[in-house]
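Guided by the hints, dock chain B with the ligand onto chain A, whose structure is given.
So you can see what is in the structure, the chains are spelled out below.
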Amino acid sequence: MIAGKKREPAKWILSKELKDTSVIEETQGEEQGKPYIVTPLGTRVKRVIIAGTITSSSVEDNLTKATVADNSGAFYVSAFASGYNADAKFALDSMDHGSTVMLMGRVNPFKTEEGVFYFNINPEIVVRTDSPGIEMWKSRTVWIATRKIYAIREAFKSEESDSNHLSGLGYSAEESECALRARKYYHDYDFQEFAKIAESVLKFSQEDSRNAELKDIILAAIRKNDNDGKGCRYEDILSATLRDGVERVQVDEILNTLGSEGEIYEVSLKRFKAI
Amino acid sequence: MKAKIVSISSRNIHNERGESTYFYGYLGDETGTIPYTAWAFPSSLKVGDVIDMKNVYTKKYNDTIRVYLDSRSEVILDPSGSIEVKRVYREYKIKDLSLKDQYVDVRGIARSIRAREYEKDGKKQKVYQGFLEDESGRVRVSSFGREIPENKPIRAIGARVTEFNGRISLSINDKTEIKQSEEIIIPQYRMYFLQDVHGPVGGITITGFVVSVGEKSGIIYRCEECSKTIQDGSCPEHPDARKIEDVFAYFTIDDGTGSMQCSAGSDPLLSFLKIGKEAITNVDGKGKDEIHAAIRNALFGTPLIATGEFRRLKEDLSFRIEAMRKVEKPDLKAISSAMEADL
Ligand SMILES: [Zn+2]
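Those protein sequences? They're chains A and B, same order as listed.
Counting from 1, position 184 in the first sequence corresponds to residue 170 in the working numbering; the numbering is continuous, with no gaps.
Counting from 1, position 167 in the second sequence corresponds to residue 292 in the working numbering; the numbering is continuous, with no gaps.
Honestly, the hints are just simulated from the structure, not real lab data.
Keep in mind that a hint or two might mislead.
[To be verified] Reference excerpt, derived from the structure (chain B facing chain A, CB under 10 angstroms, subset only):
#1 THR332
#2 ASP379
#3 SER384
#4 GLU434
Keep in mind that this is a model prediction, so the values were computed, not measured.
For glycine and all other residues, C-beta sits at the position ideal for the given N, C-alpha and C.
For reference, chain A alone in the conformation it holds in the complex:
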């Protein structure tokens, strides 16, 4: 139902995978536009889908530059006001620091004379997303990277292992091809280090979601236990979180955050009210 040729598939990759890339394919005669890059995990990329938090941005009439952080590093985004993707620039302009976004765009590779690589993303889609959107992207992206690393380990076991061998082990065509490209181009890359960072991205998000859960529990406890109108007592909050095995320092931390976010205030010493 969508007219025209198939769009170039978008790859979900962590910023570290993009940042560590050092292979740009040569464009072939009739091929148009930007070349493919090959990342350390062997992903052949022209277009990406990323998600994260806007940590800096500079807005000018013709160009908006922004960085989007994903807990493994940051993506560099350049959005132009002219041309087909002007909407993406205006969407980006409307976002503040700390906004969380989902972004799809084309990778624009650049190599300096000193041989340093830079990768800019020219967005086609910029949409504000919430924590479940970010978490879905993170967990999926880490999963994709982890599967690739497993396939790469298999590929490195023997120079002879080919895509047939890898698909026999249960890897998809894409995973197998990525593993073979990684073996070809990134023999000395530290995959172990990458795996560690990818895992930490997940931990980060598990902590985030645990904290979000705790916030809900504590807020509910404050609302429920404000019986005399003088605010909920600290002890009641503790007992509400006790069965979840939450430590006191964590409760204090969340109370501080909720206070600074304007969700609650301390009515009197150790007495809390929700707003």
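Same frame as chain A, now just chain B with the ligand:
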């Protein structure tokens, strides 16, 4: 070697050397069946023929031994030959059914079985139709003359796989053996990545971001008589019939392992938009624009969890959505555990 042709399918391929056709299917003898691929095959051969083959070779592909016939192979028809083929059926999960293996051994629970009568050679016959589902997916099932036990686990040995209307279906005939099966646990979601879906089956849940929304998503009109969509004016077959408003959306979901063209009709769409049927009746031009904008705003860039049925239109799969919603916190656990199972 001597064998009977159990099935023949062909496929066209394009490569640097141009277009070519190859044949594949099953050969069988008294001991069992084996898949084959033939780069050259006499076109006069048909299913049931007994053939004598020379200079063929075997190779393991996808964990099964296959017989290969190439230009050096000789195939001679044995017109008087007769072989009673011993059928051995491979076990399949419903999600993995495909025309590559046409007679299979599947387990599942039959649902919503309805009997329909039809006439064949002047005699009244009955066909039972419904769905069969297991932990991996759901397909349509039909059985000629024989009732299918409903709502309990069954095993159908020798059921036939067909593709009708772009959907994989199972057909049960008098040669199919139906047995009671061990318990089958149907999960809340059968959550899969697009890279793992190869056939047009149903009951599957996917998750991803909506990366494009079709321009024509919005209010459409159907003929009251035949329910076909009316492009402009009136239904060519029923010019006097009333036009009825309906709403639909088509869009692309990208899940990181692939992207899929999706469509949603009024039931999933109205409940996703949290609006009632009255919102789409008697709307003017401005109202139509508003509905289109509402659909686009709600979908574009949204992390979506959607359950539905895959269909094959021409070569490509598309996904017809039965239920969908924005991904929320509780869904993340289900999404994660589907991924952990695959690591
Ligand atoms: Zn009509």
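So, going through the hints one by one against the coordinates:
no., hint, verdict
1, THR332, "holds, 6 angstroms"
2, ASP379, "holds, 6 angstroms"
3, SER384, "holds, 6 angstroms"
4, GLU434, "violated, 16 angstroms"
Hint compliance for this structure: hint 4 is the single one not met.
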